[in-house]
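There are 2 protein chains.
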Amino acid sequence: MRESEIIGLFLKHLKRQGDLPLGDDAGAIRLGNEWLVATNDMLVRKTDVPDMMTPEQVGFKAVTMNVSDVAAMGAKPVGFLFSLGVPRDVGRDYLESIAEGIERALEFYDVPVLSADTNEADDLIIDGVALGVAERPLTRSGAKPGDLVCVTGDLGRALAGYLVWRKGLEVLEKTRKALYEKFLEPKARVREGIKLSGIASSAIDVSDGLAKELHLLAGMSGVKIELSSESLPIREEVLEVAGLVGRNPFELALSSGEEFELVFTVEPEKAPSLDFDFSVIGRVEEGSAVYIDGKPLPPLGWEHMEHMNVY
Amino acid sequence: MRESEIIGLFLKHLKRQGDLPLGDDAGAIRLGNEWLVATNDMLVRKTDVPDMMTPEQVGFKAVTMNVSDVAAMGAKPVGFLFSLGVPRDVGRDYLESIAEGIERALEFYDVPVLSADTNEADDLIIDGVALGVAERPLTRSGAKPGDLVCVTGDLGRALAGYLVWRKGLEVLEKTRKALYEKFLEPKARVREGIKLSGIASSAIDVSDGLAKELHLLAGMSGVKIELSSESLPIREEVLEVAGLVGRNPFELALSSGEEFELVFTVEPEKAPSLDFDFSVIGRVEEGSAVYIDGKPLPPLGWEHMEHMNVY
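Each protein sequence line maps, in turn, to chains A and B. This note's numbering applies: residue 2 is where the first sequence begins, and numbers increase by one. This note's numbering applies: residue 2 is where the second sequence begins, and numbers increase by one.
It should be emphasised that the hints constitute simulated quantities derived from the structure, not laboratory data. The reader is advised that the hints may include incorrect statements.
Since the list can't tell identical chains apart, any single copy or any two copies may satisfy a pair.
[As the list claims (entries may be wrong)] Mimicking DSS-like on lysine-lysine, the simulated pairs with C-alpha atoms at most 27 Å apart in a straight line are: (1) K145 x K271; (2) K168 x K271; (3) K168 x K13; (4) K188 x K178.
Construct the complete structure from the given sequences, taking the supplied hints into account.
Structure representation (structure tokens):
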């Protein structure tokens with residue numbers, strides 16, 4: 002069974018959900034005047050971790066991927082939990098480095114660990130959970146016609162870094178460094194998420210590629226999104242790799258996953274109060290689906306790219 | 002590496018902890034006037050699930066083991082999260098039954114699911130997380146000399162049920178039913194935990210056997226615990242199995258794990274305000290370690306029992 006089928010099977014049975022229905026970056030319940038948001042993400046080494054990642058980077062990423070979902074809800078992260086599945090052949094040094102990576106991430110995001118568990122398993126697994134608190138949770142369903150579509154940071158470096166590694170592309174050390182930083186040690190946009198809470202109309206983090214996230218946002222908000230390819234924030238290192246592999250750089254930017262940038266929608270008059278850098282990449286309109294430069298944009302993502310033999 | 006070594010390794014590195022140090026049934030942080038408690042527990046089919054358990058029972062238990070840790074903190078469960086590791090050879094029917102078991106438990110405990118994730122893995126894994134809210138969290142470190150030592154329900158049925166199954170013991174259908182109910186579908190003591198919050202001085206749930214839990218409680222509270230074997234709540238079905246396998250029934254009651262009863266300490270004058278059934282099984286005194294009928298009690302548990310070839 003595919004992951005999406007398994008999720009569908011469980012959603013059919015799990016009727017008792019929180020104060021927000023399942024389907025956002027995190028779940029949420031009201032606690033007094035605030036909202037508690039909670040999310041979990043299981044990392045399995047065999048399928049989720051490129052060989053070249055150090056165990057410290059693996060530990061760091063297990064925290065980042067969960068904290069990013071809390072940030073996408075406009076919440077301040079307040080706690081992290083994790084379970085470790087440990088195969089017999091994993092040694093002490095490897096585990097110790099994972100612990101160091103987790104601790105470094107907890108310091109970086111200023112989040113305490115609340116609980117941890119370990120168990121023997123056939124795969125190395127880190128199942129992380131992040132908790133956060135928000136005055137008002139940001140969802141994927143609040144985008145309104147007239148809103149701007151925006152994104153933090155830049156797009157495409159994670160996938161470009163993967164291609165450099167996988168295809169052994171020869172690039173300048175400076176280029177490799179800029180790409181690997183995002184490919185191997187992406188950071189969650191915590192400060193931006195908290196700021197967006199009172200201002201944005203919707204948000205989502207880029208886990209599976211911008212195109213897929215925008216399709217989710219448009220679908221859950223019941224709107225159409227119009228992107229402008231010229232506005233996509235793409236760094237020259239991504240252009241360089243696109244040239245080397247003979248691909249369209251926009252395609253790399255639209256399908257690159259695990260970027261952990263925040264995509265959000267905001268009323269034009271509210272945008273100036275955001276005190277961090279971001280790019281306006283499009284507009285929300287009446288209708289449905291996602292368009293780029295006036296043409297329909299397919300939900301490109303990792304799976305799609307694999308199908309297209311980009312890897 | 003043993004689980005305890007792995008935990009030690011991580012504790013060495015994880016300096017950024019919650020408002021209670023790690024080491025209780027759950028972690029905790031202050032949220033406004035309340036405390037948020039959070040706990041996680043990974044269930045791996047190969048090592049944690051007897052073959053005879055139905056997938057629905059597996060799903061139910063994944064919720065119970067986490068909710069029980071929240072109850073042991075004197076907290077009301079407010080949310081459940083889970084990650085599923087799914088091997089390729091696990092079919093749709095098995096997964097659907099797990100979903101049904103999880104939903105039945107969520108209804109039983111009146112807890113919503115806040116987030117779920119799934120991933121391909123070599124083992125079938127359910128990593129559950131329970132969140133709870135308490136005015137004042139109960140810890141393992143608050144037992145004081147003079148307190149009564151108490152336990153909810155009865156002890157030993159989980160292990161006796163395991164022995165009936167594993168050794169194919171011939172018992173009456175009534176006996177089997179009473180034992181399997183506890184062995185295969187133990188329930189967490191949620192109502193009792195909430196009530197204990199303002200009244201008990203310490204609490205812990207029986208996950209690894211009463212003797213082990215009392216050693217933890219005595220050690221973390223810096224006290225001595227004196228048990229009276231005659232006061233242990235042991236049902237006749239456990240006596241019957243003890244006779245069949247030629248073991249001391251007290252030993253079964255003291256080492257039976259995954260009972261999910263709550264052990265707690267309470268000042269004698271506060272005990273009458275508890276509006277549920279429980280047994281007084283001993284006293285807290287000045288000193289250290291655990292004694293039964295005046296003799297030192299070893300920290301018997303599943304591991305110990307295996308060593309003694311009880312299984």
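Hint check:
1. K145 x K271: Within one copy only: 13 Å inside a chain, 57 Å across chains, cut-off 27 Å.
2. K168 x K271: neither (44 Å within a copy, 70 Å between copies)
3. K168 x K13: neither (41 Å within a copy, 39 Å between copies)
4. K188 x K178: Classified as within: same-chain Cα gap 15 Å, cross-chain 53 Å, threshold 27 Å.
Comparing the model with each earlier hint shows violations of hints 2, 3; every other hint is respected.
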